[in-house]
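These protein sequences, in sequence, are chains A and B.
Just so we're aligned: the first sequence equals residues 1 to 347 in our numbering.
Just so we're aligned: the second sequence equals residues 348 to 620 in our numbering.
Note that these hints are calculated values from the structure, not bench results.
Just so it is clear, CB atoms sit at the ideal spot from N, CA and C, and this is done for glycine as well.
Keep in mind that the hints are not guaranteed to be accurate.
Said to hold, decoys possible - Here are some chain B residues pointing at chain A (derived, C-beta under 7 Å): (1) ASP536; (2) ALA566; (3) LEU593; (4) GLN603; (5) PHE613.
One letter stands for each residue in the lines below.
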Amino acid sequence: MTGAAALAIDARQAVPAKAVLRVDGLKAYYRSRHFGVAREVRAVDGVTFEVRANEIYGLAGESSSGKSTLIKTIAAAMRPPLEVVDGTVGFSFLAGGTSITRATSAEVLAIRWRNLSYIMQGSMSVLNPVRRVRRSFEDFASRHMGGKGAAFEARVIDHLARVKLDANVLDSYPHELSGGMRQRVAIALATICRPDFVIADEPTTALDVVVQKDVLGMIRDIQREIGSSLLLVTHDLGVHAYMTDRLAIMYGGMLVEEARTADLFLTPQHPYTRHLIASLPRIGDDTPRAGLSGSPPNLAAPPPGCRFHPRCPLAGDRCRRETPAMLVHAPDHRVACFALSGRGGTA
Amino acid sequence: MSAPLLELAHVSKTFGLGGLFSRRRIPAVDDVDFALRAGVPEIFTIVGQSGSGKTTLARMILGMETPTSGSIHLLGQNLAHIHGAGSRKLFMGAVQPIFQNPFEAFNPLRELDHYLFLTARRFGDANDQQRARTSTDAAMRQVGLSLVEVAGRYPHELSGGQLQRTAIARAMLAKPKLIVADEPVSMVDASLRMSIVNLFKTLRDELGISIIYITHDLATAYYISDRIMIMKDGRVVESGDARVVLAAPQHAYSRQLKDAVLVPHFKVQTSES
Numbered sequence: 001m002t003g004a005a006a007l008a009i010d011a012r013q014a015v016p017a018k019a020v021l022r023v024d025g026l027k028a029y030y031r032s033r034h035f036g037v038a039r040e041v042r043a044v045d046g047v048t049f050e051v052r053a054n055e056i057y058g059l060a061g062e063s064s065s066g067k068s069t070l071i072k073t074i075a076a077a078m079r080p081p082l083e084v085v086d087g088t089v090g091f092s093f094l095a096g097g098t099s100i101t102r103a104t105s106a107e108v109l110a111i112r113w114r115n116l117s118y119i120m121q122g123s124m125s126v127l128n129p130v131r132r133v134r135r136s137f138e139d140f141a142s143r144h145m146g147g148k149g150a151a152f153e154a155r156v157i158d159h160l161a162r163v164k165l166d167a168n169v170l171d172s173y174p175h176e177l178s179g180g181m182r183q184r185v186a187i188a189l190a191t192i193c194r195p196d197f198v199i200a201d202e203p204t205t206a207l208d209v210v211v212q213k214d215v216l217g218m219i220r221d222i223q224r225e226i227g228s229s230l231l232l233v234t235h236d237l238g239v240h241a242y243m244t245d246r247l248a249i250m251y252g253g254m255l256v257e258e259a260r261t262a263d264l265f266l267t268p269q270h271p272y273t274r275h276l277i278a279s280l281p282r283i284g285d286d287t288p289r290a291g292l293s294g295s296p297p298n299l300a301a302p303p304p305g306c307r308f309h310p311r312c313p314l315a316g317d318r319c320r321r322e323t324p325a326m327l328v329h330a331p332d333h334r335v336a337c338f339a340l341s342g343r344g345g346t347a
Numbered sequence: 348m349s350a351p352l353l354e355l356a357h358v359s360k361t362f363g364l365g366g367l368f369s370r371r372r373i374p375a376v377d378d379v380d381f382a383l384r385a386g387v388p389e390i391f392t393i394v395g396q397s398g399s400g401k402t403t404l405a406r407m408i409l410g411m412e413t414p415t416s417g418s419i420h421l422l423g424q425n426l427a428h429i430h431g432a433g434s435r436k437l438f439m440g441a442v443q444p445i446f447q448n449p450f451e452a453f454n455p456l457r458e459l460d461h462y463l464f465l466t467a468r469r470f471g472d473a474n475d476q477q478r479a480r481t482s483t484d485a486a487m488r489q490v491g492l493s494l495v496e497v498a499g500r501y502p503h504e505l506s507g508g509q510l511q512r513t514a515i516a517r518a519m520l521a522k523p524k525l526i527v528a529d530e531p532v533s534m535v536d537a538s539l540r541m542s543i544v545n546l547f548k549t550l551r552d553e554l555g556i557s558i559i560y561i562t563h564d565l566a567t568a569y570y571i572s573d574r575i576m577i578m579k580d581g582r583v584v585e586s587g588d589a590r591v592v593l594a595a596p597q598h599a600y601s602r603q604l605k606d607a608v609l610v611p612h613f614k615v616q617t618s619e620s
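Start from the sequences and build out the full structure, keeping to the hints where you can.
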């Protein structure tokens with residue numbers, strides 16, 4: 001299909017928006033040396049994508065696909081043994097177009113929370129357990145927003161109303177709140193400074209199904225209201241379908257496919273994406289779903305060539321030797337696969 | 348008429364909270380009734396969110412908790428009357444668990460084949476090491492692995508999917524009548540989830556094992572269940588044939604659960620084909 005139908009789903013994309021985040025050829029490896037034995041885990045191995053202004057960009061992948069390493073690098077939260085080996089991570093709000101991976105800690109401190117914030121999976125580990133929620137807001141936000149006392153508190157209460165929380169949560173300790181309320185507090189914390197870019201890492205995985213949809217809806221409403229870009233990382237394709245404008249699939253440290261979310265679900269191209277979408281169980285659908293044989297690649301010793309080839313039904317000789325690049329398949333649709341028509345992969 | 352495989356009658360469990368004198372009673376499971384017939388293997392699914400009492404119920408069926416009131420009968424025998432090592436061993440052979448996190452279910456300091464051989468010799472039909480080896484290998488092949496893949500390896504050397512399949516193979520070695528699987532796929536990657544779920548169907552259809560599948564995921568529940576029971580706050584709000592219940596849930600809470608399922612529903616009509 002062409003993009004026209006997908007555009008009708010979300011008219012905002014009709015206007016090409018400028019990129020807020022541009023990741024270019026990023027390689028981030030874990031390098032360690034124990035008793036003279038060097039070990040290198042290629043968790044992110046050549047990733048290129050951009051996130052546009054005011055869009056929700058989804059990143060899907062299973063555990064050990066490198067998605068957590070990727071967002072750690074983007075958020076400038078790298079600690080040894082994680083090293084950026086190659087590539088850049090540019091933000092539009094970072095002065096002089098420097099890569100955040102080379103920014104000084106003062107530069108990172110200046111943009112963190114004001115321009116770049118995150119919503120994490122376990123909100124219990126974001127909120128200080130021995131401080132009331134009010135103090136957490138002061139710790140996180142008052143430095144960036146300025147203002148203290150009643151004026152600051154009025155703004156916090158105003159913002160809490162967006163996630164449908166009362167002012168009295170400010171007097172609670174985190175353990176007194178339910179998981180859903182805590183996560184809403186974390187969302188309010190991450191968005192109160194109206195950042196340009198928000199990273200949400202599995203924001204609802206720890207929540208109950210009934211609460212999950214409400215919390216996701218709140219994240220989306222706030223994103224629309226403050227006009228920030230959101231990078232949403234989760235393994236749950238249902239969440240991506242509900243939330244994201246564009247979606248990228250990660251496998252073995254690399255992106256394998258990226259498209260508008262509707263296109264990715266309707267016309268998936270990469271064999272791995274096709275498998276993921278075909279294996280989603282749906283209520284009311286009795287067709288048998290097949291599992292994928294084999295197991296995810298070991299990133300300390302990845303297979304040569306395409307990292308999916310040991311499990312791929314279409315793998316040919318070329319797939320075992322060379323790594324396919326992400327090429328444009330259709331407007332706003334990139335795929336990394338030799339077996340696609342016209343590339344002469346399966347020989 | 349033979350005794351049912353499993354019969355729960357008015358089973359309740361309350362936990363006490365607080366100090367000795369100010370105990371609050373929390374009902375975790377409240378008056379639950381259901382039965383699984385003998386000789387008709389089925390996948391019976393218990394759905395509910397956290398705190399609904401589904402795990403407490405599973406622990407009672409596995410004999411890890413005793414009900415505060417009510418009774419649980421397995422093949423006519425009341426679980427409360429199982430005393431002594433002999434009858435306990437018979438019970439453990441008939442009912443086997445599979446837990447959510449396989450990394451917590453296996454001792455990290457023990458080789459995996461050690462566990463498998465132990466189960467084969469204690470509960471299976473193997474009476475020497477050679478027989479244990481062959482029956483273990485057969486069970487491992489049934490789950491798509493083989494004994495050489497796990498021999499001498501420790502749990503952390505396997506992926507979550509491989510380890511969960513090893514846990515299923517271990518449960519099969521005891522030749523159980525019933526497997527209680529508590530959230531068995533919630534820690535497993537999407538590409539492997541369906542292989543494990545399909546494995547449960549194989550266990551039911553080829554080995555005649557009944558399965559109690561506990562989950563919060565209605566989509567996989569629909570895919571494999573014969574019957575479903577929806578729990579909220581320790582009570583059963585709705586139960587019946589899985590297809591009938593999930594097609595048109597009657598109880599308000601069941602409808603709320605079904606509405607909360609995030610399923611991609613991009614219609615093909617949006618394309619120009």
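Exercise. Honestly, which of those hints from before does the structure not fit?
Worked result: none
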